[in-house]
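For reference, the chains in residue letters:
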Amino acid sequence: MTDSEDRADALFHALSDRTRRDILRRVLAGEHSVSTLAASYGMSFAAVQKHVAVLERAGLLTKRRVGREALATGDVTAVRSVASLLDELEAVWRGRIDRIDLLLAQDPDQPTPPTTGS
Amino acid sequence: MPVTDITKDLDARTLTITAHFAAPVERVWGLYADPRQLERVWGPPTYPATFVDHDLSVGSRCTYYMASPEGERYGGWWRITGVDEPHRLTFDDGFATGDLEDAPGMPVSHNVYAFEADGEGTRATYVSQFDSAEDLQKVLDMGVEEGSRSAIDQIDAALVA
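If you read the sequences in order, they're chains E and U. No gaps in the numbering here: position 46 of the first sequence is 46 in the UniProt record's numbering, and each next residue is one more. No gaps in the numbering here: position 16 of the second sequence is 16 in the UniProt record's numbering, and each next residue is one more.
Just so you know, these hints were derived from the structure itself, not from any lab. Don't take every hint at face value.
Stated by the list, open to error - Among chain U residues calculated to face chain E with C-beta under 7 angstroms, some are:
#1 Pro2
#2 Val25
#3 Ala117
#4 Leu136
Think of the CB as a built atom: it goes at the ideal place given N, C-alpha and C, for glycine as much as any other residue.
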């Protein structure tokens with residue numbers, strides 16, 4: 001119990017900062033080097049590095065080293081529950097339903113134009 | 001918004017989506033029966049789907065892949081377990097390897113799609129069920145971009161509230 005409380009503290013502390021949430025959003029979309037991230041903010045490289053370290057300690061991102069670069073990738077597994085997983089699935093489904101609706105509205109009686117590729 | 005209801009059963013890891021479409025049942029069914037139309041709605045625009053094998057009859061194994069923006073391919077399959085055209089389709093959906101064979105040890109979801117006439121249109125009910133939370137997580141981890149974004153947006157919303 002204490003473990004999970006400590007964990008929750010670390011998570012909420014990590015996410016209580018606007019810059020850290022922004023960094024997390026970027027690294028969830030794809031791997032970023034710490035120096036690329038640093039270029040996006042009006043603060044020193046060291047300050048950005050510190051933010052990345054807080055996120056790493058909370059388990060929200062992982063880092064790997066490639067040559068002289070530290071590459072960071074987001075990992076939200078830590079904060080996911082079944083409830084939030086189902087919310088994510090809902091988002092996928094809302095997208096599908098919207099696309100179905102659009103397709104049906106386009107021209108219901110005509111065959112769809114041929115797709116490209118394959 | 002064509003989505004009319006969403007029900008989540010956390011214990012059973014089941015999502016039920018109800019939607020209303022302004023088209024007859026046969027037209028909505030036709031969308032699933034035609035792989036070229038189906039692939040336009042199955043994957044998000046950033047992960048377009050291509051169905052390689054497609055046949056909606058009981059016992060059939062359909063295969064597809066989705067292509068990531070970086071050009072990676074994620075394979076999948078449907079195993080059709082029930083067909084009552086144009087009202088009901090049941091199938092299992094799983095991951096496939098690069099050559100579209102079943103990927104061992106990967107999650108499988110169980111799906112029931114039902115379509116019924118509702119005035120001029122169709123009421124569609126989609127039920128997706130996963131065997132475990134880990135399975136659900138793996139599926140969302142497999143390059144479903146919309147998922148990660150909504151996860152972090154929720155965190156943001158929770159902190160602002």
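Results of checking the hints against the structure:
1. Pro2: Hint on Pro2(U): holds, closest Cβ of chain E at ~5 angstroms, below 7 angstroms.
2. Val25: For Val25(U), the interface hint is violated, since the closest Cβ of chain E sits about 12 angstroms away, which is over 7 angstroms.
3. Ala117: With a minimum Cβ separation of about 15 angstroms from chain E (threshold 7 angstroms), the hint on Ala117(U) is violated.
4. Leu136: 5 angstroms, holds
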